[in-house]
Amino acid sequence: RKEVEQDPGPFNVPEGATVAFNCTYSNSASQSFFWYRQDCRKEPKLLMSVYSSGNEDGRFTAQLNRASQYISLLIRDSKLSDSATYLCVGATDSWGKLQFGAGTQVVVTP
Amino acid sequence: GAVVSQHPSWVICKSGTSVKIECRSLDFQATTMFWYRQFPKQSLMLMATSNEGSKATYEQGVEKDKFLINHASLTLSTLTVTSAHPEDSSFYICSASAGGTYNEQFFGPGTRLTVL
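Keeping their order, the protein sequence lines are chains A and B.
Just so you know, the first sequence maps onto residues 1 to 110 in my numbering.
Just so you know, the second sequence maps onto residues 111 to 226 in my numbering.
Keep in mind that the hints are not guaranteed to be accurate.
As the list claims (entries may be wrong) - Straight-line Cα separation of at most 25 Å, BS3-like style, residue types lysine-lysine; simulated pairs: (1) Lys97(A) / Lys151(B); (2) Lys97(A) / Lys174(B); (3) Lys174(B) / Lys130(B); (4) Lys130(B) / Lys2(A); (5) Lys97(A) / Lys2(A); (6) Lys97(A) / Lys124(B); (7) Lys165(B) / Lys42(A); (8) Lys97(A) / Lys45(A); (9) Lys45(A) / Lys151(B); (10) Lys124(B) / Lys2(A); (11) Lys151(B) / Lys79(A); (12) Lys79(A) / Lys2(A); (13) Lys165(B) / Lys130(B); (14) Lys124(B) / Lys176(B); (15) Lys45(A) / Lys130(B); (16) Lys42(A) / Lys130(B); (17) Lys165(B) / Lys176(B); (18) Lys97(A) / Lys130(B).
Stated by the list, open to error - Per the computed footprint, the stretches of chain B lying under chain A, defined by three or more beta-carbons under 8 Å from a beta-carbon of chain A, are: (19) 142-154; (20) 216-226.
These are computed hints drawn from the structure, not numbers from a lab.
A virtual CB, placed ideally from N, CA and C, is assigned to each residue, including glycine.
Looking at chain A on its own, in the form it has when it is part of the complex:
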């Protein structure tokens, strides 16, 4: 079983709508989590860090549920530029080694 699992999607979202998706993790020792976005053939870019119960940054809200071991990402008022693959990432050890999910593809349509 993978340490971080994500629904690969794609999630097809009309422009302006809200989309949310989850990521589950198996290692209860995971200390911090991140959402990265990756555009096709580009490097991942940090979107949000999630340390406690959640985080909000503009149209993006992340929530962490340690009891059920999942992290969610919600995107409000979707823009065409939000189309990307969103990578859920957990960090477990003191060296910062990351465990990547395979990504959830989001496609925002006009």
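Dock chain B against the given chain A, drawing on the hints supplied.
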């Protein structure tokens, strides 16, 4: 934000040659750098973790003699793919971390390697 550069951004080489990829943290000192490989439509796979001045720690299944990593300073790490073969063709991405409580990693733009 923290900026990480990689060079070259793409390279095409003949089978059997060696290719060196550089990763630099431009505006911060990176205590730890990571090297990843990503195949099409797959997630990033960690190859190795390197700390300045010490030997890299390789993930299981990654040949350390084939993928040579040098972390000579707090701002530079290099990955050398030795005797490259077509199956080594991939997107290689480095990341750098300044440490601290949360250890955010910042990624370089990646190097696309094609071995003919």
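Now for the hints, and whether the structure bears them out:
For the suggested pair Lys97(A) and Lys151(B), the alpha carbons sit about 22 Å apart, so the restraint of at most 25 Å is met. For the suggested pair Lys97(A) and Lys174(B), the alpha carbons sit about 18 Å apart, so the restraint of at most 25 Å is met. Between Lys174(B) and Lys130(B) the CA atoms are separated by roughly 14 Å; this keeps the pair inside 25 Å, and the hint holds. Annotation: proposed proximity of Lys130(B) to Lys2(A) is violated, straight-line Cα distance about 31 Å (limit 25 Å).
With a CA separation close to 15 Å, the supplied pair Lys97(A) and Lys2(A) stays within the 25 Å bound. As the CA atoms of Lys97(A) and Lys124(B) are separated by approximately 33 Å, the hinted pair breaks the 25 Å bound. Proximity of Lys165(B) to Lys42(A) is assessed by CA-CA distance (about 28 Å); at most 25 Å being required, the pair is judged violated. A hinted pair counts as satisfied when its Cα atoms are at most 25 Å apart, and Lys97(A) with Lys45(A) qualifies at roughly 16 Å.
Proposed proximity of Lys45(A) and Lys151(B) is supported: the alpha carbons are some 17 Å apart, at most 25 Å. Between Lys124(B) and Lys2(A) the CA atoms are separated by roughly 35 Å; this puts the pair beyond 25 Å, and the hint is violated. Distance hint between Lys151(B) and Lys79(A) is fulfilled; the C-alpha atoms sit about 23 Å from each other, no more than 25 Å. A hinted pair counts as satisfied when its Cα atoms are at most 25 Å apart, and Lys79(A) with Lys2(A) does not qualify at roughly 31 Å.
Taken as a hint, the Lys165(B) and Lys130(B) pair is honoured in the structure, with Cα atoms around 17 Å apart against an allowance of 25 Å. Our distance criterion of 25 Å between C-alpha atoms is met by Lys124(B) and Lys176(B), whose separation comes to about 16 Å. For a cut-off of 25 Å, the pair hint linking Lys45(A) to Lys130(B) stands: about 24 Å separates their Cα positions. Distance hint between Lys42(A) and Lys130(B) is fulfilled; the C-alpha atoms sit about 20 Å from each other, no more than 25 Å.
For the hint linking Lys165(B) to Lys176(B), the alpha-carbon distance of about 15 Å falls within 25 Å, and the restraint holds. For the suggested pair Lys97(A) and Lys130(B), the alpha carbons sit about 23 Å apart, so the restraint of at most 25 Å is met. Counting residues of the region 142-154 of chain B whose C-beta sits closer than 8 Å to any C-beta of chain A gives 5, which meets the bar of three, so the coverage hint holds. Evaluation of the coverage hint for the region 216-226 of chain B: fulfilled, as 6 residues show C-beta separations to chain A shorter than 8 Å, against a requirement of three.
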